[in-house]
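Q: Single-letter residue listing:
Number of protein chains: 2
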Amino acid sequence: MSSIVGMSWDKLMVRMACYGQRRHKTSLPKYRPLQCAAKLSVAGGTDAMQDTCKRRYFFNPAFEIYGGVGGLYDYGPVMTAININALNLWRSHFVLEESMLEIATTCLTPEDVFISSGHVQRFNDVMTKDIETGECFRLDTYLAQYCARRLNDPHEEMDAETRSALRDVEQRVAIMGEEEMAATVTRFGIRSPKGNALQPPFRFNLMFQTQIGPEGQQKGYLRPELAQGIFMNFKKMYDFNGGRMPFAGAAVGSAFRNEIAPRGGLVRLREFQLAEIEHFMNPNDKDHPKFGDVRDLEVPLWPREQQEATEDPILLTLGEAVDIGMVDNPTLAYFMGRVYLYLKALGAVHVRFRQHRSNEMAHYATDCWDAELLCSGGWLECVGIADRSCYDLEVHSARTGKDMTAFETYAEPQEERTVERKCNKAAIGKAFKGDAQRVLHHLQHELSAAECQTMQQVLDTGMAVQATVDGGLEVDITPEMVRFEQVTKKVTGRAFTPSVIEPSFGIGRILWCVLEQVYYIRESSLAALGDKSQPSKDKRAVFALPAAIAAYKVMVCPLMVKDNIMPHVRQIAAAFARHGIAYKVDDTGVPIGKRYARTDELGVPFCVTVDPTTDEDGTVTIRERDSCEQVRVPKAEVVPCIQTLCAEARQWQDLKAQYPLHEAAAVQAVGIQR
Amino acid sequence: MSSIVGMSWDKLMVRMACYGQRRHKTSLPKYRPLQCAAKLSVAGGTDAMQDTCKRRYFFNPAFEIYGGVGGLYDYGPVMTAININALNLWRSHFVLEESMLEIATTCLTPEDVFISSGHVQRFNDVMTKDIETGECFRLDTYLAQYCARRLNDPHEEMDAETRSALRDVEQRVAIMGEEEMAATVTRFGIRSPKGNALQPPFRFNLMFQTQIGPEGQQKGYLRPELAQGIFMNFKKMYDFNGGRMPFAGAAVGSAFRNEIAPRGGLVRLREFQLAEIEHFMNPNDKDHPKFGDVRDLEVPLWPREQQEATEDPILLTLGEAVDIGMVDNPTLAYFMGRVYLYLKALGAVHVRFRQHRSNEMAHYATDCWDAELLCSGGWLECVGIADRSCYDLEVHSARTGKDMTAFETYAEPQEERTVERKCNKAAIGKAFKGDAQRVLHHLQHELSAAECQTMQQVLDTGMAVQATVDGGLEVDITPEMVRFEQVTKKVTGRAFTPSVIEPSFGIGRILWCVLEQVYYIRESSLAALGDKSQPSKDKRAVFALPAAIAAYKVMVCPLMVKDNIMPHVRQIAAAFARHGIAYKVDDTGVPIGKRYARTDELGVPFCVTVDPTTDEDGTVTIRERDSCEQVRVPKAEVVPCIQTLCAEARQWQDLKAQYPLHEAAAVQAVGIQR
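Protein sequences, first through last, are from chains A and B.
Under this note's numbering, the residue at position 246 of the first sequence is numbered 233, and the numbers go up by one with no gaps.
Under this note's numbering, the residue at position 511 of the second sequence is numbered 498, and the numbers go up by one with no gaps.
What the hints contain is simulated information worked out from the structure, not anything from laboratory work.
Quick caveat: nothing in here was measured; it's all calculated off a predicted structure.
Built from N, CA and C at the ideal position, the CB exists for glycine as well.
Be aware that one or more of the hints could be misleading.
Within a straight-line C-alpha distance of at most 20 angstroms, the following computed SDA-like cross-link-like pairs (lysine to any residue) qualify [what the hints assert, rightly or not]:
{"hint": "1", "chain 1": "A", "residue 1": "Lys571", "chain 2": "B", "residue 2": "Asp226"}
{"hint": "2", "chain 1": "B", "residue 1": "Lys412", "chain 2": "B", "residue 2": "Glu461"}
{"hint": "3", "chain 1": "B", "residue 1": "Lys389", "chain 2": "A", "residue 2": "Arg42"}
{"hint": "4", "chain 1": "B", "residue 1": "Lys526", "chain 2": "B", "residue 2": "Val548"}
{"hint": "5", "chain 1": "B", "residue 1": "Lys206", "chain 2": "A", "residue 2": "Glu51"}
{"hint": "6", "chain 1": "B", "residue 1": "Lys116", "chain 2": "A", "residue 2": "Gly200"}
{"hint": "7", "chain 1": "B", "residue 1": "Lys222", "chain 2": "A", "residue 2": "Tyr53"}
{"hint": "8", "chain 1": "B", "residue 1": "Lys223", "chain 2": "A", "residue 2": "Gly200"}
{"hint": "9", "chain 1": "B", "residue 1": "Lys222", "chain 2": "A", "residue 2": "Gly200"}
Which stretches of chain A does chain B cover? Using the computed rule of at least three CB atoms under 8 angstroms from a CB of chain B, they are [said to hold, decoys possible]:
{"hint": "10", "segment": "85 to 93"}
{"hint": "11", "segment": "96 to 104"}
{"hint": "12", "segment": "199 to 207"}
{"hint": "13", "segment": "409 to 416"}
{"hint": "14", "segment": "600 to 607"}
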C-alpha cells in the first residue's frame, strides 16, 4: 500500500468503514498527499507588494486626511475596476450559468431578524480591557500570541508541564468560552502589553447598532452577512421560480463587522463586500444534475481527519471525495468545484479546501468546507461553503409563524390512511349546551387516530364512552353524536422545509490573496542583459492578473507626443471606448520603457504603441505584459486582436505566428531605451 | 415678437440685460414654451403598475415576514438585473467615456467628516410629535397637507384673508424655519390626525448614527451621500491622474437617510443607491472641451425666473442656455446634456431640468439644476447637477490642515515682485538677547511688503527705525541688522482649490419613474380583433423597457414540452449563456399566448419560440414585444440577431425585411391561441 502516504493502514480502514456506512462504497481512492507551504513568500517581501499597491493607489485607509479609521479602506480606480470585473465574472460564472435569482437586500436590518438567526446572542468575540488604560483586546488572539511568544522564546526555561499547558491553550483557544479564558489569564498571570492587570473577559457583539425611524424605538443592526436577507425572500423567490426546486438565490453587497482588532491590508475589515449564494433543495435529494461537470476535477482537500492527525492535505477528485463520503453530498461538492474554477479564473494559484472540524461547525451544519487562499499571513479563509440544513428557514418560520416550506409532488400519488370525524352538532349541542364547543373540539382535534379507532369500536356496540375533555370535564359520548371512519386518501405530495447549501465569498479577501499570488518582480534591465554581478537597482513590479479582471485591458501609448502620432492615439482610444474595452492612455513625456513598467504595475495585460511607423504603413505594436514581446499589427486589426486575446479566444502565441515581431521590443522590454 | 410666448417683453429685456452682463451676448434665442403635465397618468392607474411590480416580484417591502420596516425595500431578480444594467450603462456612458476615476468608499464615516461638511449641524428635518401618542410627523409635509386639505375642501367657507394665508404657507413651507412653523401651528390651531395637541417643533438629524470600535468612543454615521468620500480622495486621485486637470472622480454605492416619513414605492427610502460624479476643475476655466457634442441638444428647461413668474418650462438648446447665461457655465451644461442622454437611453420619456431658486441653493453653490422625471406623484428630482464651487475641498482642508489644492502651470512664466528679507542674526542676537527670536519673526513674517519698503528707505539714510514687535516690545532696528531687497521672480504657476461640478444620481428613483413612464396596457385580445363593444377582461401589462436595461434580453419558449422541441431549447439557451446574453426559459405548460403576456410584464424585448417546424427546417420564431410581430429565422442566426437588436445595431424593421413573417403571430400576439 505504498501509494497511501502519510496515513497508517489502521486509520484508513477505520475511515473506510465509516465512509462505507454512509455511501456503500468499498473501493478506496489513492490518497495523493500535497505539501502546502505555511505562508506565501511574496516576491520582494510583503511590503514590496503593499508599497506598489499604495504607490499606484489600489487602496488606501479611508478618511486618511482625518487620521483614518481602523478597518475602513477605500478602493482607488484600479482596485474598483478589478472588484467590478470580479463581480461581473461571479455573475456570469454562477448567476447566469445556474439561472440563479439574484436579489438585492438592505444593509439595515431590524433586531428581530438577528434574534431569530442567533446573531444577537452569539455573534460576538470575547474581549478584555487593560484595567488602567482602557485599551481593548480580542482575548483569543491575545492568548494565542502570548503562548506563541513564550513557546518560541529561546531564553525562557520552562518545565514540561507548563510547555504542554501552553501548547494546549494555543490549540484550543479558538473554541474556549470566556470562563476558560478567564481561568487561563489567572493561571499564567497574563497582563496587558503595558504590564497592567486585565479586566475579567466579557462578550462584545460585533454588529453595528443603530436606531431606525425618528421615534428611536426600533433597534436595527447593519448586516454582518447577506444570508438573512436572502432567507427573508425565500417564499417570493420560490413563487417567482414557478414553485420549482431546487433553485438558488444570490446577493452581492456590503457587510459590516465591528472588529475589535481589524488587520492591515484587506484581510479583516469593518466594512467589506460579500457575494452569497443560498441554494435551496429537498433535504431528501442532495444530488445535483450538473455534478458530472466537476466530478473529475482534482482539488486539494484538507479533511478534518487529516487536520486532527496533523497530516498534509490530499489531492482527490470531487467524485472520489463524494464516493467515499468525505464530502457530504454531490450538491456541496458541485459548488466546491464551481468555486475552485472561479478562483482559478480570477488568477488564484494556491487554493485548497479545508473541512471544518466538528467543534468549529454550527450545531445545525451538516458539512462545511472553506476555500482557502495562500497569502503572506498564511492560508486565509476566503469562501465558506456550508450545508446549513433547514435551520435558517425553520427559525424564521417559528418566530414569525409564516410558512417557509416548498411543496414536493410525488412521482406517483401515495395512499395515506386517515380518520374522518363526522360529528352530529345538533345532538352534541342539545346534550352539552354551553360546553358543546369544548366537546366538539375534543372530538375533532384532540383525539389521536388510535383513540378514535378504539372509541368507535365501543360506539359500534351501541354503548356510550366516557371521555375527559380538555379542562377536566367528564362527558358521555353516545353513538348518535359522532362517527369515526377510517378512510384511505390519495396524497399527491408533501410540504417540506428546504435544506440550504451556502457558498459565501469574501470578495476583498479573495482579491487581496490573488494580488499577492500574482505579484512578481521582473529581472532588472542589467541582469537581463547578462551582467548579473550588478545589483538590480531597477525593481520592476508586475501584477500578472488575467485579462478578465485587469482594471484596464490595454494601455495606449504614443511613442512620443507628436502631431503625426496623436491623431492615431485618439482614434484607437475611441475605438476601444466604442467596443466597451476598458483602456487608458499614457501620453506623459516619460520614456516608453518606464511607461511599460508603470503599465505592468497596474496589471494591464497589453500595450498598444503608436510610433512614427504608424503614420507610414498604418501598423502599431501590441506588447504582451509577461513576455514583454511585441508584434506589429495593422491599426484596423487592433480592436479584434485585443478583444480575442482578452476573451482567451486567441493566445499570444497565435498572434506571434500571424504578425511580425517588433524589433525594438527586446531592448524596450527591459527598459533600456530612454 | 409673437414667438416669445408666456413672458412679457419687459421681463425679457430685463433678463436679457442681466444675462448680457454675464456673457456679453445680445441676441436672444426664441423662447419655446413647453406645456408639462403636473402628474403622470399611468396606464390603468398607478395601482395597476404597482400591482404588476408586486405580482412579478420587481420589489417588495424588506423583512415583510417580520411585518416590514418603513422605507426599506428589497429588489427581486428583475429589478436587481435592471439596476445592474442601469449602472453598467452609467459606467460606460460616464466613467469610460470621460475616463473618470471611479473609486469605492465606505458607508461608515467618522463624525469629524460630517462636522466639516455641515451635515451634523444642518442635515435635518423639522419634526413634531402627537403629545399623547408620541407619533412623529415631518412638519413641512404635515403643514402642506393641512393647507391643501382646507383649500380644496368644497364645504369649508373661509374669508379671503385666511385663504391667502393658507396659500402663502403652502408655497413657503419648504423654506420655513422651525419658529415660523411653530407660529403657523399656533395661528391655525393645527392638531395631530388624532386630534391631539402637537409638541413644539424640533430638528431631527437624518443620519443613522453608530459606534465604531469596541471602546464606544468613536461616533460614526452612515453616509447620506457619496460626495464626502470622493472629496476625501481628491489628492490621491489628482496624483493618480498625473496632476492633470480637469478630471472627475465617480462612485456608486448605498446611502442612508433616516427619513421621518418614507414614501411608498421607491421614491423616498431609508437605504438607497446613489451614483455620484465630482468633476474637479480650475475655477477660472469652466469651459469643457466636449461641450460642442451637446451644444445643439434641445432640452426642456425650467429656469428660476419662469418658476417665480409661474410660467411654463421652455425648450432651448444647451448652447443657447449657456450663451445667454441661463446655465452658469459650459461644464455644467455639458453634464446636463450627458445626463439627458443617459436618461433617454434608460427609456425615460418625460424629462425636464428645473433650476434651483436662490433660496433653495446652499450658500456656496453657484448654480444648480435638477433633472426631474414625471411620475404619478408629479415631477420628481432624480439627478441633481450642482456647481458647488470650492466649498467642500476648502472646509476639509481648513479642518484637517491638509493641502487640497491643484497646481496650475501658466502658459508662460509670469513675473512677480517680492521682497527678500536678509537678516543679520548675529547682530540681532547680540542686541536683543532673549527677545531676538521675536524681533526676527517680526522682520521676516509680520511686516508687509510696503512696510519693508518704507523701513528700507529710512535704513538707507543710515538711521535706525523704531519698531513695535508683537506683544508691544519697542526696539530700534539699525541698518546692519536687516536689508530688504525688492526682487522680481519668474513664477511658473499657482496652487488653487478646484471648483466642483456634481451630478448626483438617485438610481432607484430614476428607475421608478422610468417604470411608470414605459408601462402600458395592451389592447385586449377581443378589442384587437375588432369587437370593441366587449369589455377587455384580459388586461395585459407591458413594460416597454429598452433592451439595454431589460433584465432578460430574450425569453426562450418551447411551444410545447416535447422530445422533438426541448433539445433545441437547451441548445439555444446554452448559446445565449455562452455569449453572455441574459435569457430566461419559460417551459411551463401554460399556453404560449399567456407566456408571451408574462414575458411582456417583465419588459423582455424578444421571445424565441421553438415549435415543431424547428425540427423540420431548423428555423425558430423571434417575437418583438411592442409590435407582437414574429419572424422565422434559422436557428444558427438567432444569437447574432438578438445581439444586434439589443445593441441597436439593427432595427426590428431590418429583420422583417430580411426574414419571413411568422403566420400564426397575429393571432398569438393577442393571446387567442390556447
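Q: For this structure, which hints from the list above don't hold up?
A: 4, 8, 9, 13, 14
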